[in-house]
Structures are given as C-alpha cells and as structure tokens.
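**Q** Residues per chain, in single letters:
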Amino acid sequence: MGTKLRGLAVAWVLVLAACGSGTSGGTGSSGSYQGKTINLGAILSLTGAGGVYGPSSKKGADLAVEIINNSGGVSGAKLALDTEDDASDKAQSAQVAQRLIQQGQLLALLGPTLSNSAVAVHPLAESFKIPIVAVSTTGIHIVPDCNFPKTDPCKYVFRDSLGEEAAIPANIKVYSQKTHPKTGVLLVANDDKFSSDGGKIVQATVGQYGIQLLDTVQFSKTTADFATPVTQAVKKNPDVIFITSLGGIPAKIMIEARKQGFAGQFLGGNGFNTAVVSKQAGADGKGAQSGSGWYINNTFPSNAAFVKAYKDKYGSDPDQFAAQGYTGVLILADAAKRANLTFSNLAGDRTKLRDALESVNIDTPLGRFQFTSSHDVKQTIWIIQMDGAGGFNLVISVSPS
Amino acid sequence: MDFFIQLFTDPVTFYNSHELLLAQIGINAILAISLFVTFYSGQLTLANAGFMAVGAYTTVILNLYTPLPLPLDILAGTALAGAVGFLVGLPVLRLRGIFLAIATIGFVEALRLGVILNVPITGEGQGLKNPSADPLGGILPIIVSLPIIAYIVWRLTKTKLGHAWAAIREDELAASSNGINVPVYKMIAFVIGALLAGYAGALETHINFFVDPTEYSVTRAIQILTFAVAGGTTNVIGPIVGALFLTSLPEIIRQASAYRDVVNGVILILVIIFRPQGIVGGGGFALIRPRWWPASWRRRGRAASAH
Amino acid sequence: MTQQILNAIFIGSIYALFAVGYTLVFGVLDVLNLAHSAVFMLGAVITYSLVALHGFPFILAALVAVIACGFLGLLVEYVALRPLRRRGAPPISALISTIGLALIFVAIVEQATPGTLFSWLWQDGANSVRFPSGAVPNPTYHVAGLTLEGTKIGILVTSVVLMLVLGYVIKYTQVGRALRAVAENRRAATLLGINVDRIFSSTLFVSSALGGLAGLLFGLALSDISPYIGRDQVELKGLAVIVLGGMGSIPGAVLGGYLLGLIEVLAFVRFGSNVEAGVAFAALFLVLVIRPQGLFGARLRERL
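Residue numbers (my numbering), protein chains in the order written: chain S, 11 to 411; chain B, 97 to 403; chain U, 53 to 356.
By construction, these hints were calculated from the structure, which means they are not laboratory data.
One thing to keep in mind: the hints can contain errors.
As the list claims (entries may be wrong) - Derived Cβ-Cβ restraints for the label pairs, each shown as a range: (1) Asn350/S with Leu103/B: 47 to 55 angstroms; (2) Arg322/U with Lys254/B: 47 to 55 angstroms; (3) Tyr130/U with Ala399/S: 57 to 65 angstroms; (4) Gln213/S with Thr192/U: 55 to 63 angstroms; (5) Ala399/S with Asn112/B: 34 to 42 angstroms; (6) Leu347/U with Glu266/B: 55 to 63 angstroms; (7) Leu269/B with Ile119/U: 43 to 51 angstroms; (8) Asn112/B with Lys165/S: 18 to 26 angstroms; (9) Leu347/U with Lys188/S: 49 to 57 angstroms; (10) Pro191/U with Pro279/B: 24 to 32 angstroms.
Here the structure is a predicted model, which means the values were calculated and not measured.
The C-beta atom is built at its ideal place from N, Cα and C for all residues, glycine as well.
Given only the sequences and the hints, what does the whole structure look like? Please build it.
**A** Here it is in structure tokens:
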C-alpha cells in the first residue's frame, strides 16, 4: 500500500507538471471547476477478439483517472469514466456509443478498441458532434476521413494510437537495412479491417526495400488450425514471414511456423504489441519484430512514473495499449482544463473541448503529445522484439519523419 | 431500473436517448416476424440472416454506385432478397424439421463465406462503408413499417392462405390430402419471409454506417430464432414482444452487463421450460409445471437454481 | 502437398472426435445439442486450469477434465433436455434450451479474471493461452521435409482407438444394444424393460466426455485455449461433419470428419482461403439437398 501511494504521488506530480506546461492559451485557473464532474465514456472490447487489447486500454485509462482525481482533479472537477464493453462487435459498439452519447450526457469518448468498430462508431460520434479519441485503432481512414468514401474531414475524431501506415513501413525499413532479406511471404486475415489494412501496407512497402513477396496467404480469423496456411508459407522458404492479424492469431502462427521448421524472421504490426500475444507465443515468438507507439523503458519525462504507478496498481508491466489508454485520458483532461467548460450547455462544452483538443501539447508516456492537423499522432516509433517471456526488447527508436 | 424509471417518468428524454435502440428493436421485430411467417407454416428455417445480407448489400451497393433514390435502393434490395428466397426455396423446401434448419444454416454461411468474401464489389472481408447512413432519420421508416407489416401478416394469418399454413403446420399429410397444394403454400411463406428479412436488412443499413459480413452469420440467425421462440409463435405479437424484450435486455440489466449472456441464457432456458408457448403465446399467465417441481411452488424466480 | 495431407488428417481427427459426440446425441435423443461446443471449450479450459493454476500433471488433469465434462453432459440432460422431453416438446425447444446453456458456459469463462467468482477455473478473460511449456512434451521430427509432432500423432492414435472402442461398444455389448433399441424406437425400448432415461443420461455423459476430450486435445495441439474455441471454430464445422456423414451415424461422423478436413485443406491449397471458409457449408447445403441421408448413410432409420 505504501509503495502504491508513493507511486501515485510521483505520477500525479508529473501529471500536474504535464498539464500545467501546455503552451497554448490555458486560461482555466485551478479550482474554477470546483465541485463539478467531468463525465467521460469509453467503448472498449473487453471480450471477443479484441479482448486481447481492450482490458489493457481500460487499465491505463482507469489509472489516469485515479491519478488525476487524487491530485485535485481537472481544475477541481472530478473525472468519471464509464467504460462499456462492445464485445468486439461492430453493431454492439455503435449501440453502446449512442447510449453513452445521448443517455450518458458525456463530454467526450475514448475508443473503440478495434478499427472494425471505429468504422461504425466514429461517424456516429461525428454526426452527434461529440469528441472521440481513438486509443488503439491503427487502420486506414480512421482519422481524418472517418466518413470515407466521403471526403469532408471529420472534425470530432482524434487518435493517439500510432497508425499502421507509419509503423509497418518503419519496421520493415529498420529490419531490411540491418539484414537485407530478399524474400517474404505475407500471412493476412482477410475478414477484418485492421488485418487487411495491414496486409495492404505490407504489400505496398516491401518493394521499396528489395524484398520480393513470394506469396500472400490469406486466411479467415475463425481458422481453427493454422497448419495449412503456415505450410503454404513455409514451403516457399522465405527469409521473412509478415503477419498482419489480431487477437491470438499471430502467436498461433508463430508457434506453428517454428514447429514446421521455419527459422526466419517474423515481422508484423500492432497486433503483436501486447503482452498477451508475446506471452502466448512464448519462446516461439522470440525476436518477432514490430513497430510500436510506445516502449516500456523509454525515457520520456512522464513515462517512468506511469510505469511505476501501473505496476503498483496492477502488479504487472503496462503494454502499449495501456500507455495509449492512459494518454487518452491525459489528453482529454488537459483539453477540458483549458476549454472553459460551462457544465450547463453540453453541446457547447463538447465543441469547446474539441477546439481545445486541437491545441493539446503535453508530456505523456508516448512523448511530448500534439495532434497533427489531421488529428493523428506524429511520434517516435519504437521498433521492438518479443523477448520470449511475455515482454518486449527495444531494437531501435525511429524519430518521426 | 433507471431504464424503466426514465421510460415512465420522462418518455421524451427516453426517446431522444434511445433512438438507435428503438430502431434496432424495430429491425429485430421485423426479422422475428419474417421467421414467424415460415414458422407459422410449419418450417424451421434459419435463412433469414442470408436474405438480410442480400437486402443490405444490394441497398448499399446501389446507393454507392448509382444515382437511384434511397427508397428505390431499399425496394430493390427487398425484391432481390425475395428472388434469392425463391431460388433457395426450390431445393430446400423438401426438407423438414431440423434438416431444413441445418440446410439453411449451410446457405447462410456459404453465402457469407463463399460469396460475400469473394466478390470484390461487396468490399469482401472489410465490408462497405455507408456514408449516407442517417442514424436518426433512419428510425422513422422503421417505426412506420413495423405496425404495417405486423398488421399485414396478422391479416394474412386470417385468410385462406393463413389457414392453409396452419393446416400444413399441424399435419402436412392431412393438409395435402385435403387438397392443399403444400409445396406452393410453403414457398409463399418462405418468399414472404425472405422479403421481410431483406427489407429489414436494407433498413438496417440506413441506421448503420456499414455493411459487414460478420453481421449476417448463423449467430444472427439463431438470435432471430430466439426472439421468435421466446416471444411466442402462436400469433404475430409474440415475435415483436420477443424482439422488444431480448433487444432491450442489455439496457435493462446494465449493472450486470458483463454477465448479460448468462442472464440471456437463463431466460431462454426458463421460457422454454416453463412457458413453451412464449411470453405472449396465449394461455394467459399459465406456466408449465415440470413433474419434478414441488406442487406448492409459487414463484418461478427460484427456478434458476433448480437442479 | 504431403504435409498438407498430414495437416488434413490431423484436423480431421479433431473434427471427427467432436462430431462423434454430437451425432451420438442426435442419433439417440433426436435433438441437436448446441451446448456441445461449449463443453468442448470447457474440456480445454478445465485441463488448462488444473495444469497451470493448480499444478496437476497433464495426464491427471486431462482425466479429471474429461470426467468433469461427462458430468456437464448430465447437467445438459437434466436442465435443458429432460424437462422438455417429459413434456413431449418439439426438438426445436431443445435447440433453444441448449443454446441458453452454451451462452452461460461461454460467458462464465470469458468474464473470469483474477479476483472474480470463477478465477479458480480461468483467469485470462477473453484471451487465448497455451499450456505452459514443458507441461506436455512434444517431440517434433522432421522426416523427408515433413513435420511430425508427437502430440499430433498421439491425438490421432487416441481418436482412432476411442472411436473404434465406441463403435465396438455400440455394436456388440448389452449397453450398445439397449442404446440402439432406444434410438430405433423409444416406446418399444421402454416396453422391453430398458430404462430409457438412464440410456439418455449415459449418452449425454459419454458424448460430452468425448467432446471435452476433443477440446483439450485441440487446445494442446493447436496451442489455443480460449472461451471461443468451441463456438467460433468447431461448432458449425461439426454440424457440417455430421450432415456429411449422415445425421446420427457414428461411422459417418468419423468419415465425415476426415473428409471435411481433407476438403478444406485441398480447397485452401487449390483456391485459397476465401473458398476454404465457405466450402464446408456449401458441402453441407448440397449434401442435404441432394442426399439428405448423408454421403455414407443408408436409410435414415439405421443410424447407429
């Protein structure tokens, strides 16, 4: 208990420092929201295929709420976070979103966990004019064109999660400059937005680095036995196997490929970046490399405190999804602090918060955080490898281009 | 509980904050009615999810690639679903009981995994975005359609057609020997079911921003079946009540939302054991009393812990 | 290609083992037990929890899990089937009540995390896990470019032996004869003095024990144990298998299992995944339409 409190204390000092150091016109003086409550909602996949990621996001976000409230709240106002499970189902995600938006009288939302669900939820948030910060979605057309194929930009949709369009090419670049692989096979789930987006990015990138894609093996995410697709891939004898898929699938593919004698490299995307996948893959996943939005031992000012507070509260290391969930709450808190909320005109407050989000500039575990003009992240990319025991080792960090 | 308190004390706010839920209840009710029509004629089919997919995809594709107005897109989707229903009905309607159910499961999954995932115009695994969806505007056509559909189906069950269906359900052989053209009447029910499911699918895309193959799986089909069976299939009100009850259940029990599937499962078992005719399937408030149940029982709430 | 055929035989034996239990219940009770896939999942989950959380050796854990699954079968019989049968309810009622049980089983596991009511059973929520390395030795051989795994070979042998034993029991023993009599004609069997309820209970027990065994072998060989392995990965495939083999026919289910494994793998190799996913259901549809008694079935009456 003692260490827990100490950890929280260290963390809140840093959070305060972070919130106070915003460069843009913060006018909310401390205490001006005294006695009020800022209600936030989160739509996360706690069960179903996304259940590998959602719980981490929730833990990170809950931790941020606890730390901020213990340190006097947002200019005196308490944060309250209502997290709901969408069971990784698109339709359910939309229904939960509508309930939170209209019934919950919430100021802003976090989520949803999966890109697949974002397709349903983000346009909804946009049409109801409520700010939403994606904390784990990495697919294409998430921000700013959430109404794709319509081209008018979405004004209320933000994300703090590093997109695959940045992470996958960076990872392939780092690996190929080091080891110069010649051939690769892509294993991609074809019935899920996140996975097939990732597959397209791999296909578009490999040529730049002289890697010949020998085959693209598609499979369904409900495949029971991955022996068949893996045999197809392994018999081409590639230097690299690219895997873009989510849930427990990357781990199962690695295990099967090692059994079948594949000795080459696994390269992948955001689907690798959770402790759960690293743990399931175990020794078979050792060395599997991906680009991540966060690394546990990064030296950003507020990261060490975050990691410590997280360990004290939950007894385990945070992962990328926890860091992004935590950051999502920090961002909203900072924007709320500067938005001059009225607490009487909800629609007006939502718009004010949206405007304030565009000028967020704070220290977070992901680094100094600002949204780009398209509401996306521009941040350091951490190229990491699974360590064979449920964690990750850093290969190199790549600065934003 | 908040759900009911608000419903009765502040219905306007309730309506304003539950429009998507109400729209979904309407869609599910139409789907449950589509299943009821075939069920009424003695056929257990789970093909509705597939017909729904046909209606939904047709509507969105026409909307994206042609200048046709939305009502025409919806109409076209409905009509195509009916046509597919006819084609599927030709071979499968010879089957009975569980075999028909399983064959239609085959149809739903083969359509979803074999066709939708392989035809590029459907967006394959990613589905299609429907940027012209209008979550709040979409509710009106649903609320208007539901009573009209329910009325038409209720009238149908009172006509010669309805009597023929009932006769086939009770005893196919006897119906046939009484001069009822069994295959034709079965096909009529099957196609009406397909039309209704296609229509519901088309309407649903207008409140959702997407069509996605995972929405039209056997899971959906079984969900529709549970609406109809839990509500009762003796008249058209049953499926509507079933859809209303089971769709709003997660909202009603939000405190226990993590265990909503447990509650859902318990309710299904309780209804099927103690109230086989469904919630509003006739027989007043009568409950079945299994033989092992003590004669002095009062409250069925205890039934969950039985055995 | 040879490797792919080995893959097919292996996944075929899992399908077969799952489907044998499924079809046994259909043959004897005339109902489709949709809780079977949930029991399959629990077979894997119970074994995992005994090994990983309670330190049992694998063989003992597997044995306990299989027996526990047998008792879950009794639960299915007493809660979801018997009350309906007593009333003479149509088979579709049993479909709904077993769906209800399956929902409950899956939800209990997916909601179990450390500190919750069922944390003794499962702690990983919706996640997928594998047995701790070293819990089960898995010697892997590479012969002539082929990969042969100890566990998979063990599973193949186990499945074949069990299915032969079951076939023998049904064909040549007293119990088997009673079983067939009940399947053929419930009322006549009662008149012959056979305790029909007891036959039903034992059928559910055996069927569910086999389902649980299939589940734990699946989890072992594919390194995949999660609340969804039954529902998402084998339930509908199992249905396709018992239709291919002829509903209620045990040899049919065995052959159907291997056939489906083969069809899927060949479709994957030849046409790619998109076709593979649909092929089981296209086959199911066509078989029912063209040959409802199944590919190997004789008349529907003679099912066991």
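**Q** Going through the earlier hints one by one, which of them does the structure break, listed in rising order?
**A** 1, 3, 4, 5, 6 and 10
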